[in-house]
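K.L.:
Residue numbers (my numbering), protein chains in the order written: chain A, 1 to 342; chain B, 343 to 684; chain C, 685 to 1026.
By construction, these hints were calculated from the structure, which means they are not laboratory data.
The beta-carbon is built from N, C-alpha and C at its ideal position, and this holds for glycine as well.
Be a bit skeptical, because a hint or two may be false.
Stretch-level coverage of chain C by chain B, calculated; a stretch enters the list once three of its residues show a Cβ under 8 Å from a Cβ in chain B [what the hints assert, rightly or not]:
1) 719 to 725
2) 957 to 969
Only pairs whose alpha carbons sit at most 25 Å apart, straight line, appear in this in silico DSS-like list of lysine-lysine [claimed, not checked]:
3) A:Lys57 with A:Lys73
4) C:Lys1006 with B:Lys674
5) A:Lys332 with B:Lys674
Okay, the calculated beta carbon distance ranges per label pair [to be verified]:
6) C:Arg719 with B:Pro651: 41 to 47 Å
7) A:Glu140 with B:Pro650: 28 to 34 Å
8) A:Gly37 with C:Thr806: 22 to 28 Å
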Amino acid sequence: MPDPRFFPPGPPLSLGELAALAGCEAPPAEVAERRFGSVAPLDQAGPDDLSFLDNAKYRAALATTRAGAVVLKAEEAERLPQGCVGLVAADPYRAYARMAAALFPPPAPHPGVDASAVVDPTARLGEGVEVGPLAVIGPEVEIGPHSRIGAGTVIARGVVIGAACRIGPQVTLMACRLGDKVVLHPGVRIGQDGFGFAMSAEGHLAVPQLGRVLVGDDVEIGANTTIDRGSGPDTVIGPGCRIDNLVQIGHNVSLGRGCVVVAQVGLSGSTRVGDFAVLGGQVGVAGHLSIGAGAQVAAQSGVMADIPPGVRVGGFPAQPLKEMWRQIAVLKRLARGSRDST
Amino acid sequence: MPDPRFFPPGPPLSLGELAALAGCEAPPAEVAERRFGSVAPLDQAGPDDLSFLDNAKYRAALATTRAGAVVLKAEEAERLPQGCVGLVAADPYRAYARMAAALFPPPAPHPGVDASAVVDPTARLGEGVEVGPLAVIGPEVEIGPHSRIGAGTVIARGVVIGAACRIGPQVTLMACRLGDKVVLHPGVRIGQDGFGFAMSAEGHLAVPQLGRVLVGDDVEIGANTTIDRGSGPDTVIGPGCRIDNLVQIGHNVSLGRGCVVVAQVGLSGSTRVGDFAVLGGQVGVAGHLSIGAGAQVAAQSGVMADIPPGVRVGGFPAQPLKEMWRQIAVLKRLARGSRDST
Amino acid sequence: MPDPRFFPPGPPLSLGELAALAGCEAPPAEVAERRFGSVAPLDQAGPDDLSFLDNAKYRAALATTRAGAVVLKAEEAERLPQGCVGLVAADPYRAYARMAAALFPPPAPHPGVDASAVVDPTARLGEGVEVGPLAVIGPEVEIGPHSRIGAGTVIARGVVIGAACRIGPQVTLMACRLGDKVVLHPGVRIGQDGFGFAMSAEGHLAVPQLGRVLVGDDVEIGANTTIDRGSGPDTVIGPGCRIDNLVQIGHNVSLGRGCVVVAQVGLSGSTRVGDFAVLGGQVGVAGHLSIGAGAQVAAQSGVMADIPPGVRVGGFPAQPLKEMWRQIAVLKRLARGSRDST
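Whole structure, please, built from the sequences with the hints as guidance.
P.N.:
Structure below.
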């Protein structure tokens, strides 16, 4: 079960309550009152733990789990071991997420400004805002109600933060506006100068970067990720985007709604990404391109041309995934032949 | 126009003044006194905005722009819409940079040491130095006149910083010397131990890293970039280099003058890069190599051998760009053939 | 020689002492009392400097070095120039490391808590702990004896740190336990939420991340590297691992003993890496995979399948290194042929 040192559990909940809050099918009446107070992976769970099966790769662990109850799809239920209750959900991972969040509520907020923080008198903080130790809040900053600012975070002049945001420690924010419920992990850098300069052998000349970063509601951004402000247009992160750690987003990039950007991706300046597109880890995208809504780019790909909506691409340069695999197969075959003939 | 919350405009300037300060051809006398106070991209500009055309990709936007004046090359001038003044420049991007910097002057410095900063009494700060809130300046540090140190930045014992540098928030500096006019964005890490150890199954043994990082004049380094100090030799960043975000520079690497290193590049230890070389995003370079002056390495390439001066390479392993494209084409053709035959 | 501004030398040591502490063969009696107080690379060393030859690439520098003594393998000794003493070692790099560490001892600790640090009264600090300026130590944190916490570092509630650790400036730690002698460079992020959410067009739903990060003894982690905490299982970094800068380690990843992870590697969630495996720079590894003990993955590879123990792989997708090179050669040949025929 989760280490109570870091994740103090809330009060246990009955299977009936858990199923209801997660939108699962109601459990059989004879077990609906059984209470669970913890969660664990299938292979580590005991009779008092709730677990889940989502990735078929872990199906073997279901047959031998000692978990008291498991959230799973209907078609997996027949594999449940004796005595283990199945909670059937259309999307077990999502259902589990709701249950785990109910069993392990996030730490209570501590509204107020830590005595060691440095807050400019012209900054405006909403009701219930929490400012951690040694944070720096600049002039004319606005922070919406119930947002939390982590220790050591630096917020520059004029930045606007919505309601119920959770800004981690040691983040730096400048020239940006964040919506509501934005989550920023430690070391995120938003709004610094983009990489804009006129190249020349006499010396590269910096071009003033006069745009902002606009971050929509319910965006989550991973540790040490960097998002440069626009050069004139804004850099835009659409609502609901999920951005992983160590991602680089250049000036003027725009992401639509709900995009998923995995760790270490690099998006060059002025590229536009459509709603719900997915970029795998370490993908690189050249500048001034358009990636269509719902497109999926396989990990490590190098995107050098526009991608139509809904298309899945991979490789270097990125191309339709089937072509990529065919090329890999052809080359492998040729190399085998070459070995045989030598 | 730029959001005045973040970019307060200076006084408007006449086209004559703008052309003069940027080295453009003088505008026709009848418009030389027209004043402009703002800038905007072609597709967003109005009659009071100055804009520019540099990348031919945006040429279509010229014909329909509502901008009052546009900086562009002579050969584009015929495409200017009615009533829009053309300011002709050999390098429009560079000219625009100078104009925008004049119209939106950077925020005025606030010389002095913030009361919350922790400055060792043996540190020596030049005239007009600005030290932000909660910065930490260690013993025997020297900071040249008019340099600015961001909030929360930590400068370790003995570091030397030149004049007129702009060090962003939450930077860490150790064992390094910076020239004049160096710009460091948030989260830059300079001078920590390089990745040097003697490997062994008994346990890897750290090798003392006894070199420094020497950063030349007029260098700009992007957010969360890491530059390790030398192991014995120094790590050297030549004057005028432009380094983007999330770049890794290993110990003993040396960059010449004016190199351009795009985001997420990794340079392994002891590699030498010649003057004005350009490394595209996510390029990786193995250790102990030499990249010639003026060489250009395409994004995502993997460099495993020396590159002669002036050569353009790409791919994995990196090879002359034409060969890379030819290989890509051949493989594509072979895969198509293989599909047809199955 | 190392810049005394940053690396103040300790007292000089005799060749006899140096050889003894590094486990080299004893030097000839007539030179055993010669004292050395500094070190330098072969091409920069003078008669009072100790140097070393480890990488054969630098062999040419041996013949012309002016170093007073050089640590090297027996088979290189014949190339020593006149008057230069050879100190013969089976592993010259390891021997040099010990000598250099003796000649340039690390700065003395300054036990105690800086007056500007913010330490929760419930935190427990061992004997001789050093807490730098403006560090933040949260409730119930435990720090073992003689560990050092850098300026501005933020340690969240409940984190446990072993003895004799060296935590650099501006590190953030949460939901983790570190062993003894752990070294963290600036900007390391450990224990933030992993990239876990249930995707859906209605909006991605965060899945509570209820595991920890467990870091073994004698681990070193590079600047701005990010290690997410487990989602339920823990993320585990085995003892003796060496992790370079800007590496991303996803939730539930486990590394065995002594793994070497070069800069900018990305390890996706739930992947397991065996003892002493080596991952080259910019390698990407997909999730839920197993990389065997002693496996070696060449720089920039994309690993999409399990790798057996001891195997060397490379390329995209990663395959045995010989096959990768054969494919590269075949494709090169085909492209040449295609050029000739056109």
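K.L.:
Measure nothing beyond the straight line between the CA atoms of C:Lys1006 and B:Lys674; if it is 25 Å or shorter, mark the hint as holding.
P.N.:
holds (23 Å)
K.L.:
Quick one: see if chain B covers the segment 957 to 969 of chain C, three-plus residues with Cβ-Cβ under 8 Å.
P.N.:
holds (count 3)
K.L.:
Taking only the CA atoms, is the gap from A:Lys57 to A:Lys73 under or equal to 25 Å?
P.N.:
holds (14 Å)
K.L.:
Check, residue by residue, whether the segment 719 to 725 of chain C contains three or more positions whose beta-carbon lies closer than 8 Å to a beta-carbon of chain B, and give the verdict.
P.N.:
holds (count 3)
K.L.:
Taking the CB of A:Glu140 and the CB of B:Pro650, does the distance hold inside 28 to 34 Å?
P.N.:
Roughly 53 Å apart at Cβ, these two residues miss the hinted range, so it is violated.
K.L.:
Mind checking the hinted window 22 to 28 Å against the Cβ distance between A:Gly37 and C:Thr806?
P.N.:
With Cβ atoms ~25 Å apart, the hint holds.
K.L.:
Measuring from beta carbon to beta carbon, are C:Arg719 and B:Pro651 in 41 to 47 Å?
P.N.:
At 45 Å between Cβs, range holds.
K.L.:
Has the given pair, A:Lys332 with B:Lys674, been kept, meaning a C-alpha gap of at most 25 Å?
P.N.:
This hinted pair holds, its Cα atoms lying about 14 Å apart.
When the structure is compared with the earlier hints, a violation turns up for hint 7 alone.
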